[in-house]
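Using the sequences and the hints, build the whole thing.
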Amino acid sequence: MNYEAFYKQSIENPEAFWTQQADAIEWYQKPSVILSKDENEYPLWFKDGQLNLCYLALDKHIQDGHGDQVAMIYDSPVTQTVKKYTFNEVKTEVAQLAGGLLSLGLKTGETAVIYMPMIPQAAFAMLACARIGVTHSVVFGGFAPHELAIRIDDCKPRVILTASSGIEIDRLIAYKPLVDEAIELAQHKPKKVVVLNRKLGARIPFKKYDVDYDALVYGSEETPCVPVNATHPLYVLYTSGTTGKPKGIVRDTGGYATALQFSMRYIYGVQQDEVFWAASDVGWVVGHSFIVYGPLINRNTTVLFEGKPIRTPDASTFWRVIAEHKVSVMFTAPTAIRAIKKEDPNGEFIKQYDLSSLRTQFLAGERCDVATLEWYREHIPIPAIDHWWQTESGWPMICNMMGVEYLPIKPGSSGKAVSGYHIKILGENGQELAANEEGYVVVQLPLPPGTLLNIWNDTERFQAGYLNKFPGYYFSGDGGYKDEEGYIFITGRVDDVINVAGHRLSTAEMEEIVASHPSVAEGAVIGINDELKGQIPLAMVVTKSGDSIEHFQLQHEIVHLVREKIGAVAALRDVVIVQRLPKTRSGKILRKLLRSIADGENFQIPSTIDDEAIIEEIQADFERDKIGVFKK
Numbered sequence: 001m002n003y004e005a006f007y008k009q010s011i012e013n014p015e016a017f018w019t020q021q022a023d024a025i026e027w028y029q030k031p032s033v034i035l036s037k038d039e040n041e042y043p044l045w046f047k048d049g050q051l052n053l054c055y056l057a058l059d060k061h062i063q064d065g066h067g068d069q070v071a072m073i074y075d076s077p078v079t080q081t082v083k084k085y086t087f088n089e090v091k092t093e094v095a096q097l098a099g100g101l102l103s104l105g106l107k108t109g110e111t112a113v114i115y116m117p118m119i120p121q122a123a124f125a126m127l128a129c130a131r132i133g134v135t136h137s138v139v140f141g142g143f144a145p146h147e148l149a150i151r152i153d154d155c156k157p158r159v160i161l162t163a164s165s166g167i168e169i170d171r172l173i174a175y176k177p178l179v180d181e182a183i184e185l186a187q188h189k190p191k192k193v194v195v196l197n198r199k200l201g202a203r204i205p206f207k208k209y210d211v212d213y214d215a216l217v218y219g220s221e222e223t224p225c226v227p228v229n230a231t232h233p234l235y236v237l238y239t240s241g242t243t244g245k246p247k248g249i250v251r252d253t254g255g256y257a258t259a260l261q262f263s264m265r266y267i268y269g270v271q272q273d274e275v276f277w278a279a280s281d282v283g284w285v286v287g288h289s290f291i292v293y294g295p296l297i298n299r300n301t302t303v304l305f306e307g308k309p310i311r312t313p314d315a316s317t318f319w320r321v322i323a324e325h326k327v328s329v330m331f332t333a334p335t336a337i338r339a340i341k342k343e344d345p346n347g348e349f350i351k352q353y354d355l356s357s358l359r360t361q362f363l364a365g366e367r368c369d370v371a372t373l374e375w376y377r378e379h380i381p382i383p384a385i386d387h388w389w390q391t392e393s394g395w396p397m398i399c400n401m402m403g404v405e406y407l408p409i410k411p412g413s414s415g416k417a418v419s420g421y422h423i424k425i426l427g428e429n430g431q432e433l434a435a436n437e438e439g440y441v442v443v444q445l446p447l448p449p450g451t452l453l454n455i456w457n458d459t460e461r462f463q464a465g466y467l468n469k470f471p472g473y474y475f476s477g478d479g480g481y482k483d484e485e486g487y488i489f490i491t492g493r494v495d496d497v498i499n500v501a502g503h504r505l506s507t508a509e510m511e512e513i514v515a516s517h518p519s520v521a522e523g524a525v526i527g528i529n530d531e532l533k534g535q536i537p538l539a540m541v542v543t544k545s546g547d548s549i550e551h552f553q554l555q556h557e558i559v560h561l562v563r564e565k566i567g568a569v570a571a572l573r574d575v576v577i578v579q580r581l582p583k584t585r586s587g588k589i590l591r592k593l594l595r596s597i598a599d600g601e602n603f604q605i606p607s608t609i610d611d612e613a614i615i616e617e618i619q620a621d622f623e624r625d626k627i628g629v630f631k632k
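Numbering (full-length UniProt numbering), first residue to last: 1 to 632.
Check each hint, because a few of them may be wrong.
What follows is a set of in silico ranges between Cβ atoms, one per label pair, in the way DEER data are often shown [said to hold, decoys possible]: (1) Glu438 - Tyr209: 49 to 55 Å; (2) Lys84 - Glu617: 16 to 22 Å; (3) Gln463 - Ile173: 35 to 41 Å; (4) Lys342 - Glu438: 28 to 34 Å; (5) Asp38 - Tyr353: 48 to 54 Å.
20 Å max Cα-Cα, derived SDA-like pairs, lysine to any residue [to be verified]: (6) Lys8 - Asp483; (7) Lys107 - Ser220; (8) Lys626 - Leu581; (9) Lys189 - Leu102; (10) Lys60 - Tyr28.
No lab work stands behind these hints: they were computed from the structure. Note that the structure is a prediction, hence the values are computed from the model and not measured. A virtual CB, placed ideally from N, CA and C, is assigned to each residue, including glycine.
Structure, rendered in structure tokens:
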């Protein structure tokens with residue numbers, strides 16, 4: 001196929017294009033209304049269609065005679081376990097768990113929170129909810145009780161599903177005490193907590209609301225799939241917002257199923273029966289779309305990996321998994337490749353494994369630097385494809401579409417716009433910019449199927465955050481430019497959200513926590529460049545007059561506070577004490593200027609600054625504490 005012609009169809013006649021794609025999945029009731037609008041004039045897809053995502057992921061393949069195909073490979077170097085599940089086996093456990101959830105009083109239209117590590121039961125819980133029309137919200141296991149409590153209060157689950165523990169490289173993290181603390185902190189109190197005991201030695205304090213996972217599953221009958229409307233919320237997934245309060249991105253069912261089937265075939269170029277591995281976590285959007293739902297809908301074997309790219313046991317673990325399970329297409333964050341490159345710069349481990357099954361490597365979650373891309377291609381000479389998308393989109397927006405036409409790769413670019421996404425670069429006043437001019441990355445409405453439906457219980461915030469800045473467009477929050485050939489280059493966030501190892505985190509939320517320390521008069525948190533994680537947060541604080549706290553003590557306490565309130569995922573390590581922060585005359589902290597100083601970029605001192613002398617002070621403070629470029 002020709003990319004330009006295929007893409008043009010999707011933009012010029014989206015209804016006909018997506019009708020054809022919707023025909024590739026099975027509906028209980030095929031939609032007759034393809035594109036319409038909701039009460040706020042926001043586009044809706046397939047609104048009168050009915051389907052069930054769990055049916056598409058499991059039951060359909062069994063009915064088609066593929067029940068004995070391996071659906072999921074659980075590979076856990078941290079517990080030294082490899083276990084394979086057929087479609088029949090997954091469907092049996094999922095259908096019984098769904099029956100168990102119904103017996104706890106869960107009803108179609110209600111919500112459940114899943115707070116689990118990277119284990120098969122996390123995927124089973126998602127599919128069980130989808131089976132009975134319960135909207136799930138998966139919370140990443142690295143989040144602290146405070147963050148979990150915020151999400152409990154926002155989506156008000158009747159049930160929480162959790163496990164006894166998660167495992168980091170060097171320690172066991174008991175999940176149940178964290179869940180109990182979150183329930184104490186939350187205003188909303190879930191009725192039941194379903195606990196899977198992994199029998200790894202973690203403490204499981206018993207509460208009256210507890211239910212044993214195994215007893216629930218094996219004591220329940222299998223329950224059939226419940227047909228739901230195409231616009232039924234399949235899940236709510238929280239992503240960081242600039243206010244510090246997470247946004248619950250709402251995903252529909254019909255548009256999402258259509259988009260995922262389309263993605264597997266046309267973006268990732270994966271054939272049915274092949275092994276697909278997205279090395280992410282079910283707590284993030286990649287895990288939802290391309291560990292659980294996408295591969296299973298496309299009848300692929302999906303790999304569920306519980307481990308890290310290094311130290312489980314070493315930098316060979318990714319290559320072992322690819323060789324052992326004959327992975328055809330893989331997806332990971334550039335951070336993972338950078339970590340492997342750091343441990344094994346000459347690719348010695350790569351030479352030890354037969355990677356002939358691997359056809360394509362996809363990279364996303366953060367911008368992929370050219371050096372990482374080149375290192376990968378030097379040691380594994382296959383297409384390494386950087387691509388760009390968001391929690392909000394649910395599936396790729398910019399990519400080299402491997403199932404359509406393989407286009408030349410331009411290092412530094414995420415590729416060209418994916419079918420359905422009419423991407424433009426706009427200036428501050430909403431004018432479209434010429435080639436190579438940097439501006440705001442936006443998508444002309446209607447967005448294609450599978451993208452965000454709304455923000456949970458907050459339509460006003462949804463419109464303010466995404467639709468009001470440029471009427472008629474979805475505002476991505478990223479800056480970038482397009483070259484003469486239509487290749488798009490993403491330059492980074494234009495708001496106070498940073499990307500740490502592929503995880504979007506709010507600096508505003510961290511600032512609030514930093515400011516709560518009794519020794520801090522005021523503070524700022526910015527994201528600075530990091531060789532390994534892409535970006536890391538840096539806190540700068542002005543201490544209260546007369547406070548004599550030692551620097552190392554203040555740093556230790558602030559890092560601990562952020563870890564306690566947000567979780568280790570925040571990755572805050574450095575706290576710099578400064579005499580004052582650079583501000584405009586109106587009192588706004590010049591965060592962009594601080595980033596430029598830390599990253600060693602050229603910067604212009606804004607005319608609105610209240611005192612230029614502060615620049616040299618900040619540079620001296622960064623040099624003293626060996627921050628950013630001053631490390632050298």
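(request) With a cut-off of 20 Å on the C-alpha distance, tell me whether Lys189 and Leu102 pass. (result) holds, 18 Å
(message) Within 35 to 41 Å: is that where the Cβ-Cβ distance between Gln463 and Ile173 falls?
(response) 38 Å Cβ-Cβ, so the 35 to 41 Å window holds.
(request) Just tell me: holds or violated, for the beta carbon distance of Lys84 and Glu617 against 16 to 22 Å? (result) Given range 16 to 22 Å: violated, Cβ gap about 60 Å.
(message) Within 28 to 34 Å: is that where the Cβ-Cβ distance between Lys342 and Glu438 falls?
(response) holds, 30 Å
(message) Is 48 to 54 Å respected by the C-beta to C-beta distance linking Asp38 and Tyr353?
(response) holds, 50 Å
(message) Checking one constraint from the list: CA of Lys60 to CA of Tyr28, max 20 Å. Satisfied?
(response) holds, 12 Å
(message) I want to verify a distance hint. Is the separation of the beta carbons of Glu438 and Tyr209 within 49 to 55 Å?
(response) About 52 Å separates the Cβ atoms of Glu438 and Tyr209, which means 49 to 55 Å holds.
(message) Can you confirm whether the C-alpha distance between Lys8 and Asp483 stays at or below 20 Å?
(response) holds, 18 Å
(request) Decide if the proposed pair is consistent with the structure: Lys107 and Ser220, CA atoms, cutoff 20 Å inclusive. (result) holds, 16 Å
(message) Need the status of pair Lys626, Leu581: alpha-carbon distance at most 20 Å?
(response) holds, 18 Å
The structure does not agree with numbered hint 2 stated previously, though it agrees with all others.
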